[in-house]
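Chains as they are written, first to last, in the numbering used here: chain F, 1 to 140; chain P, 1 to 239.
In case anyone wonders, no lab produced these hints; they're calculated from the structure. Cβ atoms here follow ideal geometry from the backbone N, Cα and C, with glycine treated the same way. It cannot be assumed that every hint is accurate.
Reference excerpt, derived from the structure (chain F facing chain P, CB under 10 Å, subset only) [said to hold, decoys possible]:
id : residue
1  : THR31
2  : ASN32
3  : PRO36
4  : GLU125
5  : THR131
Listed next, with one range per pair, are the computed distances between beta-carbon atoms [to be verified]:
id : chain 1 : residue 1 : chain 2 : residue 2 : range
6  : F       : CYS119    : P       : THR129    : 36 to 46 Å
7  : F       : PRO41     : P       : THR129    : 42 to 52 Å
8  : P       : ALA167    : F       : ASP69     : 49 to 59 Å
9  : F       : GLY40     : P       : ASP143    : 19 to 29 Å
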Amino acid sequence: MRTITTIGVCLGLLVLNGCYKDEVDVAALNTNPWDPDYTGPAFIEVVDERTAGPFPGGVFNQELTIKVDLSVLPVSSAITLRVVDQATGIAFDPVPQQAPGSDTFEFIHFNVTPGVETCYAIAVEVQFSTTRSETYCATP
Amino acid sequence: MLSVAGLLALMSVVLALPASGQQQGRVRLFIDPGDNYAFILDGKYRMQERELSLTPGRHTLTFWAPRRAIVDTAVQVVADSLSTFMLQLPWSAGWVAHTQELKRHRGKRFLTRSLPALATLGLGIWAGTAFVDHRNAYNELNDLEDSYSSLGVPREITSLKEERIPAAQDELARTRTTFLVSTGLFVAAAAGTWYAFRKTAREPVPVFEDKEKVRFDGLVWLPGAQGGTWAAGITVPIR
Chain F
1 MRTITTIGVC LGLLVLNGCY KDEVDVAALN TNPWDPDYTG PAFIEVVDER TAGPFPGGVF
61 NQELTIKVDL SVLPVSSAIT LRVVDQATGI AFDPVPQQAP GSDTFEFIHF NVTPGVETCY
121 AIAVEVQFST TRSETYCATP
Chain P
1 MLSVAGLLAL MSVVLALPAS GQQQGRVRLF IDPGDNYAFI LDGKYRMQER ELSLTPGRHT
61 LTFWAPRRAI VDTAVQVVAD SLSTFMLQLP WSAGWVAHTQ ELKRHRGKRF LTRSLPALAT
121 LGLGIWAGTA FVDHRNAYNE LNDLEDSYSS LGVPREITSL KEERIPAAQD ELARTRTTFL
181 VSTGLFVAAA AGTWYAFRKT AREPVPVFED KEKVRFDGLV WLPGAQGGTW AAGITVPIR
């Protein structure tokens with residue numbers, strides 16, 4: 001009887017040991033800067049803001065110089081910036097890098113109204129998908 | 001008053017007399033089975049010879065062999081001639097019944113042992129396969145988790161977190177359930193097999209009792225160099 005009990009206990013331990021119970025906590029996966037759910041520090045920064053104009057017709061443009069910390073992005077591929085007007089939800093044309101491999105982007109919002117604040121959602125875009133966006137508000 | 005030994009000695013002399021002083025005929029016996037049959041000549045002499053020298057005339061022969069039925073027959077012996085006698089002893093009814101009972105016993109024991117053993121084997125293979133599937137599902141989930149940090153496309157990361165990892169977790173849970181169920185059934189089948197072997201090992205095997213031998217081993221005459229002796233046979237089954 002003792003032998004049978006021992007065998008049963010050994011088999012039970014073997015079965016329990018054979019079970020892989022590790023599971024992945026998806027919510028805890030938030031350390032990749034490419035992840036839209038990334039919770040780390042911002043890697044998109046507006047380093048300069050200017051208002052150009054007036055141009056013929058009394059037109060003013062808002063110009064932003066944006067820097068992306070490429071050192072935190074694990075993959076270096078061709079990227080663009082996606083800028084969206086948060087008030088209207090309208091996306092501007094993708095903003096390319098100033099030069100291949102450059103971390104600097106120049107964004108121009110044409111025909112802005114002086115004195116009216118515009119808030120932008122700025123994100124890095126790769127292969128038609130975007131990272132977490134950073135909000136920046138500027139008044140021309 | 002004659003003693004029992006003296007009476008038997010006197011009878012041996014009297015019974016041995018008819019075999020001497022006459023022209024004899026020979027009979028050669030071809031009996032199936034040829035190795036261990038015995039016969040009783042004229043209801044008196046128990047013999048195992050392959051060839052007989054007998055006085056002319058009719059003689060009765062009662063043949064028997066282990067597991068065979070007793071056959072009573074007669075031969076006509078002609079003086080100064082050699083005749084051949086052939087006989088195939090049939091299987092005794094007791095032996096036929098015993099072989100059938102033994103066959104049933106073996107068949108039952110084979111089924112009682114082989115079915116649980118086959119089930120154990122099948123379930124063992126299933127449990128092993130389930131374990132491999134479970135391990136593969138675990139490795140797949142780990143690989144997906146490890147790939148998170150190396151992905152460089154947001155869309156792929158979203159797909160990884162919303163589709164691929166949940167699917168891999170579901171697969172891991174499914175394979176775990178299959179593994180536990182198959183292992184439990186395997187253990188149960190193994191226990192059943194062990195019990196079946198133990199139970200069948202204790203069942204007695206049918207033993208053949210040759211009742212024809214008991215009949216044949218009646219009181220007969222055994223001829224010898226000094227005339228012969230009376231003998232009585234008794235069968236004690238040893239189990």
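How the hints compare with the structure:
no., hint, verdict
1, THR31, "7 Å, holds"
2, ASN32, "6 Å, holds"
3, PRO36, "5 Å, holds"
4, GLU125, "8 Å, holds"
5, THR131, "5 Å, holds"
6, F/CYS119 - P/THR129: 36 to 46 Å, "58 Å, violated"
7, F/PRO41 - P/THR129: 42 to 52 Å, "48 Å, holds"
8, P/ALA167 - F/ASP69: 49 to 59 Å, "33 Å, violated"
9, F/GLY40 - P/ASP143: 19 to 29 Å, "24 Å, holds"
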